[in-house]
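Q: As a plain string of letters, each chain reads:
2 protein chains.
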Amino acid sequence: MKKIKTPDYQIFLGDAAEALDKWLKKNQYASHFALIDEQAYRLHKKRIDDWCKKHKIKALQISVNEKLKSIRTCEKIWTWLMAEGADRHSLLLNIGGGIIGDMGGFAAATYKRGMAFIQMPTTLLAQVDASIGGKLAVNFKSIKNNVGVFRNPETIIIDTAFLKTLSDRELTSGFAEVIKHALIVDKKLWKKLNKIENLRAVNWDKLLPQAVAVKNEIVKIDPYEKKERKSLNFGHTIGHALESIFMKTKNPLLHGEAIAVGMICEAFLSHESGFISKNELTAITAFISRFYTKRKITTSQIKKVSQLVKHDKKNKGKKVNYTFLRGIGDFKINQSATTPSLEGSIYYYLNC
Amino acid sequence: MKKIKTPDYQIFLGDAAEALDKWLKKNQYASHFALIDEQAYRLHKKRIDDWCKKHKIKALQISVNEKLKSIRTCEKIWTWLMAEGADRHSLLLNIGGGIIGDMGGFAAATYKRGMAFIQMPTTLLAQVDASIGGKLAVNFKSIKNNVGVFRNPETIIIDTAFLKTLSDRELTSGFAEVIKHALIVDKKLWKKLNKIENLRAVNWDKLLPQAVAVKNEIVKIDPYEKKERKSLNFGHTIGHALESIFMKTKNPLLHGEAIAVGMICEAFLSHESGFISKNELTAITAFISRFYTKRKITTSQIKKVSQLVKHDKKNKGKKVNYTFLRGIGDFKINQSATTPSLEGSIYYYLNC
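Keeping their order, the protein sequence lines are chains A and B.
Residue numbering for the first sequence follows my numbering, starting at 257 and increasing by one per position.
Residue numbering for the second sequence follows my numbering, starting at 257 and increasing by one per position.
Incorrect hints may have been included.
In this list, chains with the same sequence are indistinguishable; a pair is considered to hold if it fits within one copy or across any two.
[Claimed, not checked] Straight line, CA to CA, 20 angstroms or less: simulated EDC-like cross-link-like pairs of lysine to aspartate or glutamate:
no.	residue 1	residue 2
1	K534	E294
2	K482	D264
3	K572	E340
4	K572	E410
5	K397	E331
6	K323	E599
7	K534	E340
Don't read these hints as lab results, they were simulated from the structure.
Could you put the whole structure together from the sequences, leaning on the hints where they help?
A: Set out below in structure tokens:
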């Protein structure tokens, strides 16, 4: 069992049952609840049932997607907590991917002005990124994470056993955030990643602590995203817009898939602004393309992207805010790009 | 212009225009928005229009009541903020009573994970109590303030000019919280209050700072209601339940009116538990009854109260949590009462 300390809480890396035992022995709550992703539950029924029995956890399994990451679903969660007698001294354990963590965390943070919650991320994306840093939210009016709060969990329990049952697509999606962590601050990690050909062959117990540490260090310095934390938004301005647009189609993009495209586009903008060389852009584009199949983006969807980025949470006034790369392993926050440049970056992606 | 400092923000007591000028000169926001109680706007149109013009404030007037203090109304506020281009660097000014402050504050605290907000309370209740201490919430499933967060405003601007246009009923309602502040910690204030016969004759500019200071001191010591802040819940366990029940009738109780009844009931329970003398109970009952006409409470409503208190946010596990008085100007938190005692206290109120 590895432990990573943060100023407000600690992260356990290892066997979830052991971590949960330790935590619930040391900390008393009025009662225990769990919000569980239906799919994670189906795949890990035996283990989860054991925990629920041992620690008297009342569980709600829900199926989730970006459309269901909503205030409506929060209302269902609040109603369930009320019906089961949860109070502000109770604990909610969120077992699932980023959506479960973001939404369950937001529901807990607002239920009776805040009950305790633990994040137990089951996807690579949530383990390496979403669960860390206290960002909680739901989507609202087609804008991703439009309503939410910052609040840290009691603890985070990361168990890589969950990764074994992830689909290839889910695993690849999560890998985008690992790539991002390397690109913005960790050139050594970038070199390590470049050796990876097959994600199934990766030793996650070894790689994850390094990628988690990157995120953890950044949010420690700047929890409320005034400065350094904006680095984590690399690939996310365009990525989020694409994710929102594809959410309404028959073939939605997973979060990491959208960020992968966003990173290629924003690496292009970084190059255009003179921050990275042509060689660096080519290396980034080639590495990302190794894992992600190209998605078609229509001209009208490109127009929509330039509309949607105007609603990005990072913006100040009317200026769209980007984070660019300044070399591999370095970033530059508070950058901007014209609409033609933005559209050009998507054409670059489509033709790369 | 008086100023009261708190660890996180300051409270201005005086002319609102002057306070607003000072604040917006010193602090830069991407854009300014105001959520304004329709009634307060009608009564103070000229002044408010002047502020909006001078500081380029986009305003939304809404009518409010406890039924409209909801997630649905928050959705309207979020949608309006989006349509008007508010971002997380914008400011929302909440001009109105406790409902506007609680709900506007919650909408701001969750919009794009939190934009800045200022409270400008226009009712006595909001000026002396609701606006101070960072409690934000909306009602959910008939439970008062069931969904919310703790977050402090940028500043609070208290201008007693608003009190002149309040109805007698509103003014009297707010006075309940002044009485509560005296009862729980300030015997001197209690003696001063006892001289009041007519609320219209009170010099609020003189009395308010004292009552505001009580609340401010308590939330300073214990912002998240772990201990001392629970003192402020005196009268509120039964009061909130009554407020919820009457919310569904043709004659809803105003918050302070419900708390006035709650304080008489909980003073009775304090006496029954041996914490205050018969004389003290009589004095409290007589003083409160001087300002509030008796409300009829039916037997079935009394039964409902004992059901509803089980959902109170202060509860831990299955035990209903009360704050009792321990003499006038002193309190005792984490108390309990049996259902017969609770019902007995309401019969005491009905027959006092």
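Q: So, for every hint listed, does it hold in this structure?
A: Tested hints:
{"no.": "1", "hint": "K534 with E294", "result": "neither (45 angstroms within a copy, 58 angstroms between copies)"}
{"no.": "2", "hint": "K482 with D264", "result": "both (18 angstroms within a copy, 18 angstroms between copies)"}
{"no.": "3", "hint": "K572 with E340", "result": "between (42 angstroms within a copy, 14 angstroms between copies)"}
{"no.": "4", "hint": "K572 with E410", "result": "between (32 angstroms within a copy, 18 angstroms between copies)"}
{"no.": "5", "hint": "K397 with E331", "result": "both (16 angstroms within a copy, 9 angstroms between copies)"}
{"no.": "6", "hint": "K323 with E599", "result": "neither (26 angstroms within a copy, 46 angstroms between copies)"}
{"no.": "7", "hint": "K534 with E340", "result": "neither (58 angstroms within a copy, 40 angstroms between copies)"}
Taken one by one, the earlier hints fail for this structure at numbers 1, 6, 7, listed in ascending order.
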